[in-house]
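K.L.:
Sequence:
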Amino acid sequence: MDIGIDLGTANTLLYARGQGIVLNEPSVVAVKEGSRSALAVGTEAKETIGRTPGSITAIRPLRDGVISDYEAAEEMIRHFVRKAVKGRRPRTRMVVCVPSGVTPVERRAIVHASRSAGARAVHLIEEPMAAAIGAGLPVSDPRGSMVVDIGGGTTEVAVISLGGIVTARSIRVGGDRLDAAITDHVRKEHALLIGERTAEDVKVAIGSAWPVPGEEERERATFTVRGRQRVSGLPRTLGLTVPEVRAALDEPVEAIIAAVRTTLEECPPELSGDVMEHGIVLTGGGALLPALDLRLASATGIPVFVADDPLDCVVLGSGRCVEDFDSLERLLGRAEKGR
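According to this note's numbering, the residues represented by the sequence shown are 89 to 427, in order.
To be clear, the hints were calculated from the coordinates, so they are not data collected in a lab. Please note that the accuracy of each hint is not assured.
EDC-like cross-link-like pairs, simulated, lysine to aspartate or glutamate; straight-line CA separation at most 16 Å [claimed, not checked]: (1) K174 to E284; (2) K120 to E132; (3) K134 to E288.
Can you build the whole structure from these sequences, using the hints too?
P.N.:
In structure tokens, the structure reads:
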């Protein structure tokens, strides 16, 4: 069975040839200290974050879009592939999505982990290319298309034309940095310690990049968090407001906008005109941050659109490659086969 994998910092998605998306689970592995044996993987493991005893550790095998713990990543990929194919199948071919700024060493680590998990052949495809394909952009046409893929660990910005990436920028800012910004704000301004899962809940519930037009009632909303006081160590509740959370998210949001501006500055003039005419497409989980498209459009003067299915664009792009392996290298000018 041929498989496309969006190996994300926050979530891993698998696309099986002829079946579509067959798995979507958190990129988390719970291991027993000392033995390094996996006790839980994916959704079950995520439930243990912040709640494990001293003998069990919840590990995120990927940080900033690349493997940070090789053994845990290999175990996670193996577990997900077995779960997706539901039984013993012949060794498979894989298309694995990687950040455009990944180093050769990081590429080799991903290839080796995939082979160890049972792949007989591994193709690496850059995430912005996969996202553009999954979003339905005309990547093979002689026309500039711009995509901004905001994942859990990285933001990938690229201008694509004639099946290749013309100019791109990869920054290690994504959903995790947005969560960390909320955690840091609560710690500094309110002397309260909260976990990453709580910060993510805050971001999803009341996070935004700009005031959302027509939702004045939402601007007055609050979200109650529970944490531990830094000084006394006792539990405490705190109400966070929408403007306060938006201000906390400002720094990572500005970093994303700066990456888009830099990519536009490096773009050939002819393709810049295409981007101005057809706009910028946002994909990835970060694209769901309310009013991010409005703020980016205001900062660049270019129309910005959120893809129809932003969370699945990357894996759907890898899936299109899986469905037609024979034309993979022709379609993707910078696709690379792992050797």
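K.L.:
Next step is simple, just say for each hint if it's right about the structure.
P.N.:
Consistency of the hints with the structure:
A threshold of 16 Å between alpha carbons decides the hint, and for K174 with E284 the separation of about 32 Å lies outside it, so the pair is violated. Of the pairs offered as hints, the one joining K120 and E132 holds, with about 14 Å between alpha carbons and a cut-off of 16 Å not exceeded. Using a Cα cut-off of 16 Å, the hinted pair K134 and E288 holds, with the two alpha carbons roughly 13 Å apart.
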